[in-house]
Amino acid sequence: MKITVDEPKCVSGGQCVLAAPEVFDQRDEDGVVILLNDAPEASLHEQVREAAAICPAAAITLQES
Amino acid sequence: MNRVVVVGASAGGLAAAEALRRQGFDGEITLIGDERLAPYDRPPLSKQILDHRWQADQVALRSQADLDALKLDLRLGVAAVGLDQGRRSVELADGTGVPYDALVIATGVRPRRTSLAGADDAAGVHVLRTLDDALGLRARLRPGRRLVVVGAGFVGTEVAAVAHTMGVDVTVVEPVPVPLAHAVGRKVGLFLTQLHADRGVDLRTGTTVEEILTDAGEVTGVKLADATIVPADDVLLAVGSVPNTEWLAGSGLTIDDGLVCDEFSAAAPRVYGVGDVARWHNPLFGTAMRIEHRTNAAEQGMAVAYNLLHPDSPRPFAPVPYFWTDQYELKIQCYGYLRGHEECAVVEGDLDEGRFVAAYRTGDRLTAALAVGMPPKTVRSWRSVVAARTEWSAVTGVHAAR
Numbered sequence: 007m008k009i010t011v012d013e014p015k016c017v018s019g020g021q022c023v024l025a026a027p028e029v030f031d032q033r034d035e036d037g038v039v040i041l042l043n044d045a046p047e048a049s050l051h052e053q054v055r056e057a058a059a060i061c062p063a064a065a066i067t068l069q070e071s
Numbered sequence: 011m012n013r014v015v016v017v018g019a020s021a022g023g024l025a026a027a028e029a030l031r032r033q034g035f036d037g038e039i040t041l042i043g044d045e046r047l048a049p050y051d052r053p054p055l056s057k058q059i060l061d062h063r064w065q066a067d068q069v070a071l072r073s074q075a076d077l078d079a080l081k082l083d084l085r086l087g088v089a090a091v092g093l094d095q096g097r098r099s100v101e102l103a104d105g106t107g108v109p110y111d112a113l114v115i116a117t118g119v120r121p122r123r124t125s126l127a128g129a130d131d132a133a134g135v136h137v138l139r140t141l142d143d144a145l146g147l148r149a150r151l152r153p154g155r156r157l158v159v160v161g162a163g164f165v166g167t168e169v170a171a172v173a174h175t176m177g178v179d180v181t182v183v184e185p186v187p188v189p190l191a192h193a194v195g196r197k198v199g200l201f202l203t204q205l206h207a208d209r210g211v212d213l214r215t216g217t218t219v220e221e222i223l224t225d226a227g228e229v230t231g232v233k234l235a236d237a238t239i240v241p242a243d244d245v246l247l248a249v250g251s252v253p254n255t256e257w258l259a260g261s262g263l264t265i266d267d268g269l270v271c272d273e274f275s276a277a278a279p280r281v282y283g284v285g286d287v288a289r290w291h292n293p294l295f296g297t298a299m300r301i302e303h304r305t306n307a308a309e310q311g312m313a314v315a316y317n318l319l320h321p322d323s324p325r326p327f328a329p330v331p332y333f334w335t336d337q338y339e340l341k342i343q344c345y346g347y348l349r350g351h352e353e354c355a356v357v358e359g360d361l362d363e364g365r366f367v368a369a370y371r372t373g374d375r376l377t378a379a380l381a382v383g384m385p386p387k388t389v390r391s392w393r394s395v396v397a398a399r400t401e402w403s404a405v406t407g408v409h410a411a412r
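Protein sequence lines correspond, in order, to chains A and B. Using our numbering, you'd call the opening residue of the first sequence number 7 and step up by one each time. Using our numbering, you'd call the opening residue of the second sequence number 11 and step up by one each time.
No lab work stands behind these hints, which were simulated from the structure alone. Treat the numbers as computed from the prediction; the structure is a model and nothing was measured. A couple of the hints might just be wrong.
Said to hold, decoys possible - With a straight-line Cα cutoff of 30 Å, these simulated DSBU-like cross-link-like pairs (lysine-lysine) come out: (1) A/K8 with B/K81; (2) B/K233 with B/K57; (3) A/K15 with B/K233; (4) A/K15 with B/K387; (5) B/K197 with B/K341; (6) B/K387 with B/K341; (7) B/K341 with A/K15; (8) B/K57 with A/K15; (9) B/K197 with B/K387; (10) B/K387 with A/K8; (11) B/K387 with B/K57; (12) B/K197 with B/K57; (13) B/K57 with B/K341.
To be verified - To spell it out: a stretch of chain A is covered by chain B in this simulated footprint if at least three of its residues, at any positions, have a beta carbon under 8 Å from a beta carbon of chain B; those stretches are: (14) 15-25; (15) 39-48.
Stated by the list, open to error - Distance ranges between label pairs, derived from CB positions: (16) A/A48 with B/R399: 28 to 36 Å; (17) A/L42 with B/E221: 55 to 63 Å; (18) A/E28 with B/G92: 44 to 52 Å; (19) A/D44 with B/P293: 16 to 24 Å; (20) B/D142 with A/L42: 36 to 44 Å; (21) A/D31 with B/G34: 24 to 32 Å; (22) B/A89 with A/D31: 54 to 62 Å; (23) B/E352 with A/N43: 41 to 49 Å; (24) A/D44 with B/Q65: 20 to 28 Å; (25) B/E339 with A/D31: 46 to 54 Å; (26) A/S71 with B/E352: 46 to 54 Å; (27) B/L80 with A/D31: 28 to 36 Å; (28) A/L42 with B/E339: 26 to 34 Å.
Built from N, CA and C at the ideal position, the CB exists for glycine as well.
Just chain B, with the same shape it has in the complex:
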């Protein structure tokens, strides 16, 4: 095997390329990215970039010297538009074909666009995924300006917190009654919602934006389902994301809300999925999952590099997912898999004091632990409790023994 092609030049694709080199692969690695920028990090976009703590160039994932040392055939600013598995070739938007012996697919996700009237071309309508998105939004956030955030997920609430701290007048519109409840449960959802309410963010829950109002191509506000008008200078659409799999249509690979992969992150022989785009079977939890977390992209990139180089002795990719979010001065960290949880219990600390660990049950197992304001040793220790597939009934015992 001489040629590995990695499609997607963000954290996951870069991690795969780096791990291939670290594990001794000295063949050709082509790294293809549709953005013109060298690999950069996305979590700071809604944090340090938005609030001006960082300059744009600080999001670079690696120095130019480190990138050079990888000896990559780096193709930036060109999207992959097709895959021919028979000829083992990736077709690029510029018409060139890139042949491969093994392929890593790490094309990520893009923001979901709503079908809102007025949403597409008005100045002041934003999404947040790329550095350009973040710089465009940042340029418009100033004290006294009015921002409506559509969607109170993690991106929406992070931006709301940052913008509010910058002196922007922030309204968040969210259709469900308790924001984030589907992700972190009602109790923790209410806690996070209260953080914003306490600081004066205007939360409109249980309602939807029906229309983005514009005047001469500029946003002037949004109209809610009950016909209330919220005036605004800017609107951020933060209503989830969509995996970038369209370019794989007709390739023979299975697409089902992401690229479907097995427990080795393989989508087909010598074809692997990495990061936000990959829906793989995680044997630790016994379920297929697609994880849009920064650390998963790196871990899966490394795991795929190993399996690609050891096709006869692949290792299952069985991580405990990890994510964090910054909301005002609080850092929320979570180990595990929250989706579909059936019960949530505070097992350490106190929710009212803003210092706690919440444990999550799916079936008879602990499947996740979410920590706010706890010491790092405590947070890390819960990772191993989740990794051990601890029975739920033992979780209080874990707490008592500490």
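Isolated chain A, as found in the complex:
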């Protein structure tokens, strides 16, 4: 799995951090998403899929390998 985030689209909702805290974080100053790991291990994939699905800005794109 390869993750990309579209920072300009991010609305700083933090839903991705709630869903997958080991993969996503937020910048302190404006809450925009920080991608901690763009190729997480398999055990995290389900969380990441959930994060991408609930992102209110559709700013997380996944490429499943």
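Given chain A, put chain B in place with the hints provided.
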């Protein structure tokens, strides 16, 4: 079960369809939308679309390749007009019937139309729900033009902020004395109102628009209850929304300001409601609610997909609702359920500095927390305090322990 029909091709319907596939459903999924466009996102309409930061195609929720991968029977530009539960069939406006084994209803809401004289056919009268609405309004907003926003809710105030920033002369008319007070309480309502007043938006509160004035089919202004005339080139009606449930009349489903669903988001066996249209019982708050927030549509779509595939072991849908609104440079975020709150207290930061968390009490519980200008970790931490159904008396303790 082989055929799932999802009526409504916006965020909630798409989330349900995607979650069905993600959870391994390989039967047929028909996704029906009354708009001709592939699923797109609505929050940017009053934000990035209106102020030209985005092109129209940037609101697409998924790429064509991602949509193709879902292998949907996608029926766009055709509305559902009827439901026959006995025959398990959705009737479409083009006369076709679409049979289902399970049905997801995600038909959303539409803007409430007022019965204002002159409101219906004049050029320059707008509502804002669809991409076409947003592009139509955007095409008319230019520096020096005059916009009257009827209704100071979240859509109305977001548009007012964007239009004012674009150099448009903005007047907002709102019948209640403190805009948004019914939603966020008087204190926060006054704070948000002041944001607009400080920047020179003309706020007319405690009054109503009686008539939209036109000349040769073009808007020229509005007449207020006290007979004051506010000249305008455009008028945005932002006075709330109405659930799209008319097509369910006679179906046997219960309609009461939305499609009535149980705690599993089920409206009937194998029939589920998702998003703005669904009034379901949220067991976390112990009350029925209908939530018109973007994130709820996605979360409920996912929850319904699970329950649809696991009818013998469904999970209650018990989310902490979340919404945000952008007003000028400020982002306002809220976790919880504000409706019917009895008390609001600032528990972190300072309202006068524009950095604060406001907590809301219903009964003896904290039911919502609204944050402005606070760090993301702080905002997220309040979500869990709301989710824990924390006693109100402990909220100051939470604050002290931080």
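Quick rundown of the hints versus the structure:
1. With a C-alpha separation of about 22 Å, the suggested pair A/K8 and B/K81 falls inside the 30 Å cut-off, and the hint holds.
2. The hinted pair formed by B/K233 and B/K57 meets the criterion: a straight-line CA distance of about 28 Å does not exceed 30 Å.
3. As the CA atoms of A/K15 and B/K233 are separated by approximately 39 Å, the hinted pair breaks the 30 Å bound.
4. Between A/K15 and B/K387 the CA atoms are separated by roughly 20 Å; this keeps the pair inside 30 Å, and the hint holds.
5. With a CA separation close to 17 Å, the supplied pair B/K197 and B/K341 stays within the 30 Å bound.
6. Distance restraint check for B/K387 and B/K341: the Cα-Cα separation of roughly 15 Å lies within the 30 Å cut-off, and the hinted pair is therefore satisfied.
7. Note on B/K341 and A/K15: the hinted pairing holds, with a Cα-Cα distance of about 14 Å set against a maximum of 30 Å.
8. The straight-line distance between the Cα atoms of B/K57 and A/K15 is roughly 11 Å, inside the 30 Å bound, and the hint therefore holds.
9. Taking the CA atoms of B/K197 and B/K387, the gap is about 24 Å. The hint holds against a cut of 30 Å.
10. Using a Cα cut-off of 30 Å, the hinted pair B/K387 and A/K8 holds, with the two alpha carbons roughly 26 Å apart.
11. Of the supplied pair hints, the one linking B/K387 and B/K57 holds, its CA atoms being roughly 25 Å apart against a limit of 30 Å.
12. Distance check on the hinted pair: B/K197 and B/K57 sit about 25 Å apart at the alpha-carbon level, within 30 Å; holds.
13. For the proposed pair B/K57 and B/K341, the alpha carbon gap of about 12 Å is at most 30 Å, so the pair holds.
14. Beta-carbon proximity to chain B at under 8 Å applies to 8 residues in the region 15-25 of chain A; the threshold of 3 is reached and the given coverage holds.
15. Given as covered by chain B, the region 39-48 of chain A fails the check, having 0 residues with a CB less than 8 Å from a CB of that chain where 3 are the minimum.
16. As the Cβ distance of A/A48 to B/R399 is approximately 35 Å, the hint placing it in 28 to 36 Å holds.
17. Here the CB-CB span from A/L42 to B/E221 is close to 57 Å, well matched to the stated 55 to 63 Å.
18. A/E28 and B/G92 have their C-beta atoms about 47 Å apart, which keeps the hinted 44 to 52 Å range intact.
19. With their beta carbons about 37 Å apart, A/D44 and B/P293 fall outside the hinted range of 16 to 24 Å.
20. Between B/D142 and A/L42, the C-beta spacing of about 39 Å keeps the proposed range 36 to 44 Å intact.
21. For A/D31 and B/G34, the Cβ-Cβ distance of about 30 Å falls inside the hinted range of 24 to 32 Å, so the restraint holds.
22. For B/A89 and A/D31, the hinted distance range of 54 to 62 Å is not satisfied, since their beta carbons lie about 42 Å from each other.
23. Separated by about 44 Å at the C-beta atoms, B/E352 and A/N43 satisfy the suggested range of 41 to 49 Å.
24. Under the hint 20 to 28 Å, the C-beta atoms of A/D44 and B/Q65, about 26 Å apart, fit the expected range.
25. Checking the proposed 46 to 54 Å range against B/E339 and A/D31 shows it is violated: the Cβ atoms sit about 23 Å from each other.
26. Range check, A/S71 to B/E352: about 52 Å between beta-carbon atoms, so the 46 to 54 Å window is met.
27. About 29 Å separates the C-beta atoms of B/L80 and A/D31, a value consistent with the hinted range of 28 to 36 Å.
28. For the pair A/L42 and B/E339, the beta carbons lie near 27 Å from each other, so the given range of 26 to 34 Å is met.
In summary, the structure is inconsistent with hints 3, 15, 19, 22 and 25 from the numbered list given earlier, while agreeing with the others.
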